[in-house]
Each structure stands twice: as structure tokens, then as C-alpha cells.
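Visitor: Below are the chains, spelled out letter by letter.
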Amino acid sequence: MKKFDADAMGEKLLRKLAGGSSRRSMLSRLGAVLVAAPAFPLLPVSRAEAAKPDRSPEAKTAFARTAQSKDETKCDYWRYCAIDGALCTCCGGGIHSCPAGSEPSPVSWVGTCINPDDGKAYLIAYRDCCGKPACGQCGCDNTDRETQLYMPQLNNDVIWCFGTSSMEYHCSTAVLVGAAS
Amino acid sequence: MKKFDADAMGEKLLRKLAGGSSRRSMLSRLGAVLVAAPAFPLLPVSRAEAAKPDRSPEAKTAFARTAQSKDETKCDYWRYCAIDGALCTCCGGGIHSCPAGSEPSPVSWVGTCINPDDGKAYLIAYRDCCGKPACGQCGCDNTDRETQLYMPQLNNDVIWCFGTSSMEYHCSTAVLVGAAS
Amino acid sequence: MSNRVVRGFFAATAMGFTLCAAVTTHAAPADTMAALEPETSDVVTMEPPKPNWFFIDGGWDMPGTSIFDGETGKMKGMVETRRLADMAIDPAGRYYYVAETIWSKGDRGTRQDMVSVYDTRELKLVTEITIPDRILIGSRKNNFIISDDGKTGFVYNLSPASSVNIVDLVKRKFVANVELPGCASMMPNPGVGFSALCGDGSLATVKLTGTKADITHSAPFFSATDDPIFDNFTYDRKKKETTFLSYTGQVWTARLGPAPTISAPFSIQAAAGIRPGETKPLELNWYPGGRQPMALHRATGHLFVLMHMGEYWSHKASGTEVWEVDLATQKVVKRRPLEEPMNNIEVTQSDKPLLIMDGEKGTALVIDLATWEEKHKIEKAGGSTITVADPS
Amino acid sequence: MSNRVVRGFFAATAMGFTLCAAVTTHAAPADTMAALEPETSDVVTMEPPKPNWFFIDGGWDMPGTSIFDGETGKMKGMVETRRLADMAIDPAGRYYYVAETIWSKGDRGTRQDMVSVYDTRELKLVTEITIPDRILIGSRKNNFIISDDGKTGFVYNLSPASSVNIVDLVKRKFVANVELPGCASMMPNPGVGFSALCGDGSLATVKLTGTKADITHSAPFFSATDDPIFDNFTYDRKKKETTFLSYTGQVWTARLGPAPTISAPFSIQAAAGIRPGETKPLELNWYPGGRQPMALHRATGHLFVLMHMGEYWSHKASGTEVWEVDLATQKVVKRRPLEEPMNNIEVTQSDKPLLIMDGEKGTALVIDLATWEEKHKIEKAGGSTITVADPS
Chain A
1 MKKFDADAMG EKLLRKLAGG SSRRSMLSRL GAVLVAAPAF PLLPVSRAEA
51 AKPDRSPEAK TAFARTAQSK DETKCDYWRY CAIDGALCTC CGGGIHSCPA
101 GSEPSPVSWV GTCINPDDGK AYLIAYRDCC GKPACGQCGC DNTDRETQLY
151 MPQLNNDVIW CFGTSSMEYH CSTAVLVGAA S
Chain B
1 MKKFDADAMG EKLLRKLAGG SSRRSMLSRL GAVLVAAPAF PLLPVSRAEA
51 AKPDRSPEAK TAFARTAQSK DETKCDYWRY CAIDGALCTC CGGGIHSCPA
101 GSEPSPVSWV GTCINPDDGK AYLIAYRDCC GKPACGQCGC DNTDRETQLY
151 MPQLNNDVIW CFGTSSMEYH CSTAVLVGAA S
Chain C
1 MSNRVVRGFF AATAMGFTLC AAVTTHAAPA DTMAALEPET SDVVTMEPPK
51 PNWFFIDGGW DMPGTSIFDG ETGKMKGMVE TRRLADMAID PAGRYYYVAE
101 TIWSKGDRGT RQDMVSVYDT RELKLVTEIT IPDRILIGSR KNNFIISDDG
151 KTGFVYNLSP ASSVNIVDLV KRKFVANVEL PGCASMMPNP GVGFSALCGD
201 GSLATVKLTG TKADITHSAP FFSATDDPIF DNFTYDRKKK ETTFLSYTGQ
251 VWTARLGPAP TISAPFSIQA AAGIRPGETK PLELNWYPGG RQPMALHRAT
301 GHLFVLMHMG EYWSHKASGT EVWEVDLATQ KVVKRRPLEE PMNNIEVTQS
351 DKPLLIMDGE KGTALVIDLA TWEEKHKIEK AGGSTITVAD PS
Chain D
1 MSNRVVRGFF AATAMGFTLC AAVTTHAAPA DTMAALEPET SDVVTMEPPK
51 PNWFFIDGGW DMPGTSIFDG ETGKMKGMVE TRRLADMAID PAGRYYYVAE
101 TIWSKGDRGT RQDMVSVYDT RELKLVTEIT IPDRILIGSR KNNFIISDDG
151 KTGFVYNLSP ASSVNIVDLV KRKFVANVEL PGCASMMPNP GVGFSALCGD
201 GSLATVKLTG TKADITHSAP FFSATDDPIF DNFTYDRKKK ETTFLSYTGQ
251 VWTARLGPAP TISAPFSIQA AAGIRPGETK PLELNWYPGG RQPMALHRAT
301 GHLFVLMHMG EYWSHKASGT EVWEVDLATQ KVVKRRPLEE PMNNIEVTQS
351 DKPLLIMDGE KGTALVIDLA TWEEKHKIEK AGGSTITVAD PS
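Chains as they are written, first to last, in the working numbering: chain A, 1 to 181; chain B, 1 to 181; chain C, 1 to 392; chain D, 1 to 392.
Certain hints may be false.
Restraint-style ranges between C-beta atoms, simulated for each label pair [as the list claims (entries may be wrong)]:
1) 61(C) - 51(D): 28 to 38 Å
2) 360(C) - 110(D): 35 to 45 Å
3) 73(A) - 92(C): 29 to 39 Å
4) 127(D) - 73(A): 44 to 54 Å
5) 71(A) - 379(D): 27 to 37 Å
6) 127(D) - 163(A): 23 to 33 Å
7) 211(D) - 168(C): 52 to 62 Å
8) 130(D) - 211(C): 35 to 45 Å
9) 216(D) - 172(C): 56 to 66 Å
Partial pick of chain D residues on the chain C-facing surface, computed with a CB cut under 7 Å [to be verified]:
10) 82
11) 102
12) 104
13) 105
14) 106
No lab work stands behind these hints: they were computed from the structure.
Think of the CB as a built atom: it goes at the ideal place given N, C-alpha and C, for glycine as much as any other residue.
Generate coordinates for the entire structure from the input sequences, incorporating the hints supplied.
Guide: Pasting the structure below:
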């Protein structure tokens with residue numbers, strides 16, 4: 001999820017947060033508060049009294065709720081929940097194939113993504129293809145469970161081109177490793 | 001002149017070309033012709049019967065007619081009539097000064113530009129500053145009397161970094177060489 | 001996170017996948033791996049270049065030349081072309097050649113000029129042919145050309161003296177540097193060597209005998225300062241002809257040979273029924289412009305030209321229309337407006353030709369010429385020169 | 001155009017200007033040169049870095065770190081930082097240091113890792129300090145840090161084993177590579193060595209004695225997988241303190257030393273009077289985000305944080321508001337909406353501080369904090385990390 005898409009994922013919730021008022025009036029009130037910018041603006045929200053959706057950490061993230069399983073050349077394909085970079089499927093490669101002339105890195109960062117077809121979580125290895133200039137097509141940056149550099153295997157900014165003859169980043173694949181749960 | 005600015009330089013002429021009709025109607029007629037795209041569209045124009053402006057090759061170009069002599073950090077500064085690249089005046093340098101750490105090329109392409117203050121033509125040497133990555137600020141591409149590669153000293157696409165320790169292009173200066181006429 | 005975890009993480013298999021239980025427990029509290037077969041990473045092999053493919057140079061900001069299938073609009077792969085490199089295609093389709101200049105430390109260190117050879121199926125670097133310096137300019141199609149038989153490469157240099165590096169592409173070695181005083185912008189001249197345009201308005205013909213170059217000049221036929229010919233002209237390998245276009249819109253055809261003959265020019269504007277372009281200021285008219293302002297469909301002899309309305313000396317302005325010129329009848333047979341101005345134009349040499357264009361934003365358009373239907377609009381495809389597999 | 005003309009063209013004088021009568025007659029039918037004095041090309045000399053300057057990394061697409069004067073909005077110069085390089089400023093203002101990785105043939109050939117040293121007045125390369133490999137990631141401020149006394153540089157490496165290269169900046173030589181298992185994202189620890197965050201949620205302290213490194217860990221205080229601390233945290237050289245911010249919006253202060261002490265966290269949302277951020281899905285709230293999501297004005301102890309509305313795991317989303325947090329009172333004292341979302345934020349350490357931001361389009365904003373007036377909006381300034389002269 002590059003940008004938070006309020007329309008796609010939160011209109012109902014926003015309304016609830018606003019205590020039942022319409023989204024428009026809530027937003028305009030919110031806007032007024034922000035533009036005035038008092039010393040201690042109080043956002044007129046309290047914990048939402050939603051009808052008990054699954055709020056456990058294992059519940060579906062915004063990405064997972066809208067992910068699809070049909071088109072591997074789109075950022076919202078389910079395996080891409082933590083990918084960062086150009087999709088190799090748009091660069092002449094495939095979901096687990098590097099484009100001609102590039103080389104898959106033997107190591108990678110990983111993600112745990114939910115397949116919408118069976119609702120199960122799978123471990124995905126985001127293996128970079130290396131040794132060509134940046135492909136430039138289909139740039140995605142999804143960040144489910146993506147963390148920082150002190151946990152490098154879960155960080156998607158590192159150039160994961162180790163053990164390849166060139167460390168130049170070309171694109172990223174999303175290789176299915178196995179079921180995660 | 002990067003783009004032809006019809007408003008700045010041609011409204012009156014356009015009207016004349018259209019045979020006295022208003023600019024809007026002429027344009028919409030022109031648009032219709034284009035969209036329909038017949039095999040042999042005839043633009044309804046003939047040689048303009050303008051009131052004898054100076055049409056000699058020495059007359060002022062579109063650039064020269066709108067050039068100014070006050071702000072060296074703008075593309076329409078008079079000396080920039082054939083410059084291509086980033087203005088060194090926007091990169092920490094000056095009209096004839098390279099930014100710190102870059103190096104002026106001893107050779108350059110040249111332009112002949114008209115100073116609006118005295119109406120005279122001057123020879124300008126567009127000396128590239130070399131040895132730093134592209135500055136990125138104030139990109140200009142003016143093309144008065146700019147020609148092709150078989151006449152390299154009048155071509156503004158060549159990386160004019162000869163005899164410098166690095167040929168990396170950083171920005172371009174516009175050094176006054178002398179009067180051209 | 002213990003040392004073991006980091007180390008364990010690197011226990012990658014030879015097949016190339018990463019897996020480490022200690023890591024996966026961080027990623028998600030996984031219990032056991034299911035029986036699912038893990039996928040294996042592999043590398044795609046390509047076909048040799050096809051007539052409906054196009055090659056688009058990313059230009060200054062996007063290193064690399066992307067290969068697209070014009071039919072599907074899909075990217076097929078990429079040839080490594082750094083900034084200011086020039087790419088050419090082996091006429092037999094076996095190799096992509098890249099004339100490039102690399103410093104050993106990026107922008108400093110030792111200068112290295114070479115023709116890098118890539119095989120077209122695996123896109124792997126086959127070898128590097130070291131050459132003397134070459135010109136640094138970019139966005140030109142005629143600074144690195146290949147003879148029609150595919151055996152010789154010509155790499156232009158401006159040091160700033162003008163010369164050409166001759167490269168034997170069979171033996172893969174540099175042959176000689178020949179001076180080319182006052183000329184540039186090369187075209188093959190089969191059986192002779194090559195030809196080039198000159199600042200004195202002539203066409204130079206360079207007859208090569210081993211490393212010896214014998215230069216002859218045509219009579220001057222254009223003005224290099226007053227009405228220059230765009231140096232991104234087109235060459236028709238089949239007819240051994242070059243089509244030239246000048247800033248004002250004059251069109252010439254040159255028949256190559258030991259003593260090339262150059263046709264009388266015609267005006268592209270007159271061919272469209274409007275007054276010819278002129279060099280004087282204040283003459284608002286349609287002019288050709290852009291970086292690669294024209295493309296020739298060889299079989300039909302139709303020339304496609306990017307045109308814009310403006311005054312003279314607006315030759316770099318992007319085209320707002322495409323004019324289709326029948327060279328035989330010297331008539332503009334179609335004019336098509338463009339939604340966005342375009343800088344570079346090329347046409348595939350297939351039976352159902354596709355027109356390819358790109359503009360400053362790096363968006364490529366693929367147009368079906370039969371219907372002028374926009375088949376594909378590809379963002380971030382590249383903003384510089386376009387090449388097709390058959391460089392006619 | 002004869003050979004003579006081309007040759008004559010190169011008769012440049014030592015002073016560096018080009019002139020050739022044969023050429024100028026082409027350019028324009030000039031008669032004689034007037035008595036006008038031709039200008040001489042020269043090169044600007046800069047001042048050492050000033051408190052109201054900012055340094056903006058062009059990021060992936062625009063190599064180079066541009067130096068701007070925040071008061072005037074004018075560019076002062078550029079430090080050569082290629083893609084994925086890390087720049088640091090000598091605390092005494094004499095040098096700019098660039099930790100970088102260069103292949104001898106662009107993207108192939110021999111790998112060369114180094115710290116390149118530039119003087120701050122002439123921006124010339126003084127020397128290169130060869131080091132072992134360093135990490136390739138970019139957009140991080142804590143992979144190359146300098147000790148407060150300016151004598152030692154620390155360059156992080158991920159090979160993918162985790163280690164740190166110690167560089168003696170006085171003798172300008174590489175000292176040692178020390179392992180740093182499970183940790184990254186360094187901060188100076190004066191008199192001790194350096195500290196770093198670890199995957200087990202602890203703060204590691206690396207005591208250096210010559211080339212010997214002794215690593216101790218604090219008790220775990222955060223979750224590296226569930227609520228990670230942004231690795232672009234801030235370090236206050238005067239107080240020897242680091243301020244950490246986590247994805248949910250927790251704020252910690254760590255006092256560095258042989259055994260650092262870490263404060264209890266507070267919630268930035270609670271500090272603004274709204275409910276704290278949570279890690280669960282479907283909890284719409286304000287969260288910190290971006291690449292360099294926060295900046296500390298040392299003298300006032302005010303933290304500026306890029307905030308956006310979203311769900312958890314949106315930590316890379318650009319900020320749509322800036323929250324100003326008084327760290328002493330743990331209150332959000334101001335919230336300011338942004339017209340365009342911003343990715344990186346920094347603040348000058350001057351008396352009249354300027355807030356600097358940039359976003360995905362590479363446009364930089366300079367805001368006067370006293371009035372929240374937009375002093376400058378600079379297009380194409382750069383889209384990556386921002387540094388100020390006093391890296392507090």
C-alpha cells in the first residue's frame with residue numbers, strides 16, 4: 001500500500017470514528033481543526049465501536065483485504081504484500097523468473113502474505129534479479145510486516161543482490177516458499 | 001524556446017493567417033480539419049500580409065523578441081539564446097563561473113545572441129562546467145541558430161567537456177566573448 | 001536477534017532460495033512448512049529480435065534500453081546502455097552492440113571506451129571490444145552504425161577533432177581510427193565504407209581499403225548553418241538510400257554508392273498544400289522537430305514526420321502532429337494530431353506497421369497505422385531514441 | 001567545412017575561451033570583434049557549511065547531494081554522491097565525507113568501496129579511503145556516522161552478515177571491521193564507540209579499544225517485528241541522547257554512555273489528545289511515516305514528525321501533517337497540514353529554525369518555523385534524505 005486509500009478501506013470506519021456523523025461532515029470538521037492548528041487540537045474521535053471485526057494482529061491488513069490472485073503484473077497481487085521495486089513480471093520475467101540477462105540473488109527478504117483464494121498465509125521470498133539497470137516498469141512498495149535494517153530479512157529497501165556477479169538492481173520476484181501457517 | 005508559445009509570439013499573425021477571423025474560430029476550424037484528418041488537409045492559410053516586419057534572417061527570433069537582461073537565473077536571459085542544460089547561475093556558480101568543485105571546459109559551443117539593452121548581437125561561449133553530477137536546477141534548451149553534429153561548435157547537445165579531468169556534465173555558463181556585429 | 005539467526009539466514013541453497021526457520025518465526029509464527037513445493041528461481045531466455053519489437057533508450061535519467069513487443073505492449077527485456085551510450089542491432093539478429101564510455105570510478109578515474117557485445121537470446125555480455133574515445137552526446141542514431149553485412153561497426157568520435165573508429169565485429173577487434181574532418185552523422189555505404197554529412201553542406205563518402213580511408217565529397221546541397229539536416233535521418237538498407245529532412249522541411253533522397261547522387265528536395269509543407277517553411281523569423285508555420293523527428297516505412301516508402309507549429313529555430317520542439325508523406329508522389333497523405341507532444345518517432349518494418357513514439361515524460365505510444373488506433377500507452381518506457389529490429 | 005576550421009576551433013587559450021574566426025563567420029556574419037573585454041571563466045569557492053544550509057540527496061534518480069541555503073533558497077553547490085552513497089559532514093566543517101561503492105565498469109567489473117573526502121571550500125576530492133564492502137540500501141542516515149570529535153567514521157556493512165567498518169579520519173585509513181551480529185542503525189557513543197539498534201529489541205553498545213570491540217546489550221525495550229523503531233532516528237550531540245520513534249508512534253529517549261539508559265516511551269497520539277496508535281489492522285489513526293519521518297530541534301527539544309492517517313503497516317506513507325512535539329512536556333504543541341505529502345523532514349539548528357521537507361516528486365519545502373510561512377519551494381531539489389550542517 002503506497003498511499004492510504006481512505007475510500008477503499010475506511011469509509012465505514014471513518015463514519016464510526018466520527019460518532020455516526022456523515023463522512024463529509026466529519027472530514028470537514030477535521031479539516032477545520034487542522035487548518036486552525038491550535039496548540040492542542042483534539043481530534044473528535046474515540047475508540048471505534050465497530051461490530052467486532054477481527055482486530056487480532058493476524059487479521060487481514062489493508063493490503064490483504066483488497067489483494068487479488070489473477071494478475072501478477074499489478075501491485076495488489078497477493079504475493080506482493082511486502083515487495084519494493086519493479087515487478088519482474090512487467091520486465092520480461094515472471095513471478096519467479098528473472099528477465100533474460102539478469103541473475104536471481106540466492107538470498108532475499110521475505111514476506112508473509114495471505115492468498116485470497118484460500119485465506120491462508122504463505123511465506124514469500126522476494127528475490128531480486130540483479131545485473132541490469134533498473135527495469136522501470138510496475139514500481140510497487142508494499143509494506144505488510146516490513147521492518148527496519150536491524151531485521152534485514154524483513155526489510156525491503158536493502159539491495160538484495162548478494163552472491164551475484166553484479167549488485168545492480170533490476171527487478172524483484174515473489175517466489176512461493178511454502179505455507180506459513 | 002522549448003515550446004512554441006503561440007500566445008506570446010503569434011496571436012496577431014495567427015489571425016492574419018486565418019484571413020481575419022478571430023483566433024478562436026480559426027483554431028477551432030483548424031482543430032476540425034486535424035481531427036477529421038482527410039487525406040490531403042489543406043490548412044486555410046496563405047502567406048501572411050503582415051505590415052512589413054523585419055523578415056530578414058538577421059531579424060529577431062522569437063527568443064530575442066522576448067529576452068530580458070535582468071535575471072541570469074531564467075531561461076529567457078538574453079545570453080541563453082542557444083544554451084542547453086542547467087544554468088550554472090542556479091547551481092552555485094555564475095554567468096561565467098563554475099560552481100565549486102567543477103571545472104570549466106576550455107572549449108565550447110557558441111551562440112550569437114542579441115542584447116535587448118542595445119539591440120546588438122554578441123558572441124557567447126557556452127562553456128560547460130564538468131566533473132560533478134548534473135546540477136538539476138534551471139534546465140533550459142534554447143535553440144537559436146543551433147545546428148547539428150556535423151557543425152559541432154553550433155550544437156548544444158554535445159557534452160562539451162574536453163580537456164577537463166572528468167567529462168561528467170554539471171551545468172553550463174554563458175560567457176561573453178565579444179560583439180558579433 | 002542472535003548471530004546464529006543472521007548466519008542461518010544465509011544458508012541459501014544452490015538452487016537459490018532463502019529459508020531459515022529462525023527467521024520465519026520472526027516473520028510470522030509459522031508452525032511447520034506445508035507440503036507445498038517451493039518454487040525455483042530461473043532466468044528467461046529470449047527470442048532474437050522480431051520485426052514488431054521496438055527498443056527504447058531511457059535517455060539521460062533512465063539508463064538502459066528497454067525492449068518491448070509492439071503487439072502486446074509488454075516489455076521483453078533490457079540492454080544495458082548507460083547514459084550517452086549508443087546501441088545498434090546486428091542485422092542477422094545475433095547480437096546487440098553497445099558503444100559506451102565508462103570511467104573506472106563512475107565520474108572519475110580511467111576512461112574506458114568500448115563496444116560491448118550482448119547475445120540476443122540470453123542478453124549476456126559476450127565480450128568488450130576496446131576502442132579509442134567516442135563522442136559523448138546521446139540521442140543520436142548515426143554515431144554508431146553497422147555495415148549492412150554486419151561485419152563492421154563505425155563509432156563516431158569528437159575529441160573535439162572529428163574521426164571514426166572502425167571495428168571488426170567478426171574478429172571483435174578495433175581496426176583503425178580514420179579522420180573525418182568537418183563531417184559527422186554516418187550512414188552505411190555498402191561495398192564502399194560509409195558516408196556522412198558535412199558542415200560545408202556536402203555528403204562525404206569514405207572509401208575504406210583496409211585501414212586506408214579515401215574521402216570524397218558531393219557538391220554542397222544544403223546549408224549546415226541556415227537550414228541544417230536533422231542528423232537523425234533514416235537509412236533504407238534495401239534501396240541503399242538515405243532520406244534527409246531539414247529544419248525548414250526540405251526532403252532529399254540520397255542514393256548511396258561510390259559517388260552518391262542526391263535528389264532535388266521537396267517541401268513537406270508544400271506536399272501538404274501549405275506554403276513551404278522558411279528560415280526567417282516571424283513566419284509562423286508547421287515545422288518538423290523533436291529529437292528523432294522522422295521514420296521511414298521502407299516497403300511503402302512512407303515517411304512519418306513529427307510536426308509542430310512555430311517559428312524557425314524551433315527544431316527541438318516536440319511534434320503535435322504526425323505527417324505521413326508518400327515519398328514517391330511527394331504528397332502528405334495524412335495528418336494526425338497527437339494528444340501529447342512527442343519527441344521521437346519510429347515505425348516497425350512489418351506488414352502491419354506500428355508507429356512508436358515517445359515524449360519528454362518517457363511515455364511510449366504504440367499506434368496501429370491501419371486504423372490509427374492507440375494500441376498501447378506505456379508509462380516510463382523511456383524518453384530517448386527508438387530503434388526497431390530492421391533498421392531500414 | 002574544412003579540416004582547418006575544425007582544427008582552428010580547438011585553438012583555445014589557456015584562459016579557457018574558444019574563438020575561431022572561421023567558426024564565427026558561420027555563426028553570424030561578424031565583421032570585427034568590438035573592443036569589448038571577453039569574460040574569463042573561473043570557479044567559485046564556497047564557505048564551510050553554515051547552520052541554515054541543508055543538504056538534500058537526489059536519491060535513486062538524481063545522483064548528487066545538492067547544498068542549499070535555507071534563507072535564500074539558492075543552491076550553493078553539490079557533493080558527488082552516486083546512487084546508494086551515504087554522506088556525512090565533518091563536525092568541524094572542514095570536510096564532506098562520502099561512503100560509496102563503485103564498480104570499475106559501471107555495473108560490472110571490480111567492486112571498490114571507499115570513503116571519499118571532499119574539502120568544504122573547493123568541493124574537490126581530497127582523497128579516497130579504501131574500505132571493505134558496505135551496505136547498499138540508500139535513504140538511511142545511520143549507516144555512515146562520524147564520532148563527535150570528528151576523528152572516526154563508522155560505515156555499516158551487510159554482506160549479508162552484519163558488521164561495521166571503522167575508519168580513522170585523521171590518518172585517513174581503514175582500521176578494522178567489527179562484527180555487529182543482529183544489529184544495525186548506528187549512533188555515536190562518545191568516549192565509548194558507538195551504539196546500534198538490534199533485532200531482539202535491545203540497544204547494543206560497542207566499546208572500542210583499538211581494533212577490539214566489546215558488545216553489550218540493553219534489556220529489550222521494543223519489538224523489532226511488531227512495532228519497529230524507524231532507523232532514521234535523531235541523535236543530539238550536545239546531550240548525548242538519541243530519540244527513537246516507532247511505527248505506532250511511541251517515543252523513547254536513550255541517554256548514551258557505557259551503559260545507555262532508555263526512557264519509558266510515550267505515545268505521540270496520546271500527546272495530541274487522541275488514542276494511541278496500535279498494531280492491529282482496521283484501526284484507522286494518525287501514524288508516523290515516510291523515509292526520514294522526524295527531526296529534532298536540539299535547543300528547544302521539539303521534535304517534528306511527519307504524520308499521516310491510515311492503518312498500521314503504512315509506515316512508508318508520506319506525511320500529510322507535521323506534528324511538533326515538546327519532548328519535555330510530552331505534548332503535541334502544533335499540528336500543521338501539508339499541501340503535498342512529504343517523505344523526509346529535517347530542521348536547521350539555528351536560532352530561527354527552518355523546517356526542510358521533500359517528497360516523492362523531489363520538490364523541497366523550506367518553512368519558517370516562527371510563522372509556518374513557506375519561504376521557498378524548490379523543484380527538482382532532490383527526493384531523498386536531508387542533512388543539516390549541525391547533525392544534532
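Visitor: Each hint: holds or not?
Guide: Against the structure, the hints come out as follows:
no., hint, result
1, 61(C) - 51(D): 28 to 38 Å, "holds, 33 Å"
2, 360(C) - 110(D): 35 to 45 Å, "holds, 36 Å"
3, 73(A) - 92(C): 29 to 39 Å, "holds, 32 Å"
4, 127(D) - 73(A): 44 to 54 Å, "holds, 47 Å"
5, 71(A) - 379(D): 27 to 37 Å, "holds, 35 Å"
6, 127(D) - 163(A): 23 to 33 Å, "holds, 31 Å"
7, 211(D) - 168(C): 52 to 62 Å, "holds, 53 Å"
8, 130(D) - 211(C): 35 to 45 Å, "holds, 42 Å"
9, 216(D) - 172(C): 56 to 66 Å, "holds, 59 Å"
10, 82, "holds, 5 Å"
11, 102, "holds, 5 Å"
12, 104, "holds, 5 Å"
13, 105, "holds, 5 Å"
14, 106, "holds, 5 Å"
In this structure, none of the earlier numbered hints is contradicted; all agree with it.
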